[in-house]
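Using the hints, position chain B against chain A.
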Amino acid sequence: MSKVLQDIWILTENGIVLYHRKFDENLDDQLFGGLMSALNSFAEELIDKGLSNFELQDKRYTLLKKNRMLFIANSAKKVKEKKVIQEMLLIANKFFNLYSEDFLLNWNHNVSVFKNFEKEIKDSLEETIKKFQDAFW
Amino acid sequence: MADLQFVGMVFETFIILVALIFLVLILMKYYEKKHQLTFYLFLIFLNYVIAIVFSWLSKIFVLYSGIDYLYNTILPDPGTLLSWILLRITDFRISFVFLSIGIYLSYIFKVKIFGKGYNKVLRIIVTLYAIITAGFALFVYQRGNTLYDVFAFLFIFVFMAVIYIPFFIESFKSYKDTDNKVFKTAFLSLAIMAIFFILVPLSFLIDRILILVGGPGFSLFYFLAWIFVIFAILGAYFGYISPKSEK
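Residue numbers (numbering that gives the first Met the number 0), protein chains in the order written: chain A, 0 to 136; chain B, 0 to 246.
Bear in mind the hints are in silico, worked out from the structure with no lab data behind them.
Ideal Cβ positions, reconstructed from N, Cα and C, are used throughout, including at glycine.
Worth double-checking, as some hints may not be accurate.
Partial list, derived from the structure: chain A residues whose beta carbon lies under 10 Å from chain B [to be verified]:
{"#": "1", "residue": "K77"}
{"#": "2", "residue": "E80"}
{"#": "3", "residue": "K81"}
{"#": "4", "residue": "L88"}
{"#": "5", "residue": "A91"}
{"#": "6", "residue": "I128"}
{"#": "7", "residue": "K130"}
{"#": "8", "residue": "W136"}
Looking at chain A on its own, in the form it has when it is part of the complex (with noise of 0.2 Å):
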């Protein structure tokens, strides 16, 4: 699961970061969700479908938007583009099997209940490599 994907965003449309798997330290989460956010609404006004992607540096960002949710992962830009997009669709429905339409309709503003996704999430190859760096690489 999620083998080419580094950080990981979950937003509500209005900008809100329901869960950030965090890779690079440096980043701020609700202040990039914010940035995120305006940039998709943004785009929104350029184009039906928003903003898919865009590079910083090294860095590819994707952004995938499902049920009213924004997704964006960050990947190495050499990853294509459409492994990226696969592996953020296994993402987005592992987060709607684990949290139902009914229960995000309901949600109390409270983030720390989307804290056990990153159980979901954890196994990947990223996750082993950063293990691999910060102990022998």
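Leaving out everything else, chain B in the frame of chain A:
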């Protein structure tokens, strides 16, 4: 037979030197990284090295100790505490205890590094198996009974295979999934290391079976086993120590 013991001792001396160099490299890596997983790897290899040292000691005792019941199996076991320890050293039983500890630590290491979490039932089974393997090596012993030795080697081989086959699968999957050349080489090296780790006790087991059916010991498989140890250490070196990544 004494000649073969001597050749075995020289062979094992060389293996110990290589293994010690690798152990020092892991220790240096630990001081650089100060990470729990690096320490686990150090403990794993420390146990493997101690196991090899005891195997080497068995040759030393047989060749140079002058203790007659160690090299002459016709003489009775004096039944002292010292003979209890020495006979278990010469028949590799102490080595098996350290191997069992090393393999058990490898299981913990594998779970931690590949991040799948513990399976409660499997954890209990692996723990029990480690205790049984070490217990069998120490207590189910009869001097000159090669069948018991074969079982002791079999237990170690099965244990090694059960832990290192999943390790191989995870490393190989990671090798296939990553695009980074450095990581690819490292994961492939670890997959190769896992295979050689399994081949080591398999070769010793075959060597023991050959003794059971009347062979003199120190067959080709004995030497192959030690060659596989060298390859496994090389795999570990290229998997853990040599890769340098840019974070």
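Evaluation of the provided hints:
The restraint placing A:K77 at the interface with chain B holds, with a minimum CB-CB distance near 6 Å, inside the 10 Å limit. Taking 10 Å as the C-beta contact cut-off toward chain B, the hint placing A:E80 at the interface is violated, the least distance being around 14 Å. Interface hint status for A:K81: violated, as the beta-carbon distance to the closest one in chain B is roughly 14 Å, over 10 Å. For A:L88, the interface hint is violated, the least distance from its beta-carbon to any beta-carbon of chain B being 17 Å, above 10 Å.
For the restraint placing A:A91 at the interface with chain B, the shortest Cβ-Cβ distance is roughly 20 Å, beyond the 10 Å limit, so the hint is violated. Hint status for A:I128 relative to chain B: holds, with the closest Cβ pair at about 6 Å, below 10 Å. Taken as an interface hint, A:K130 checks out: its beta carbon lies about 5 Å from the nearest beta carbon of chain B, inside 10 Å. For A:W136, the interface hint holds, the least distance from its beta-carbon to any beta-carbon of chain B being 4 Å, beneath 10 Å.
Checked against the numbered hints given earlier, the structure breaks hints 2, 3, 4 and 5 and satisfies all the rest.
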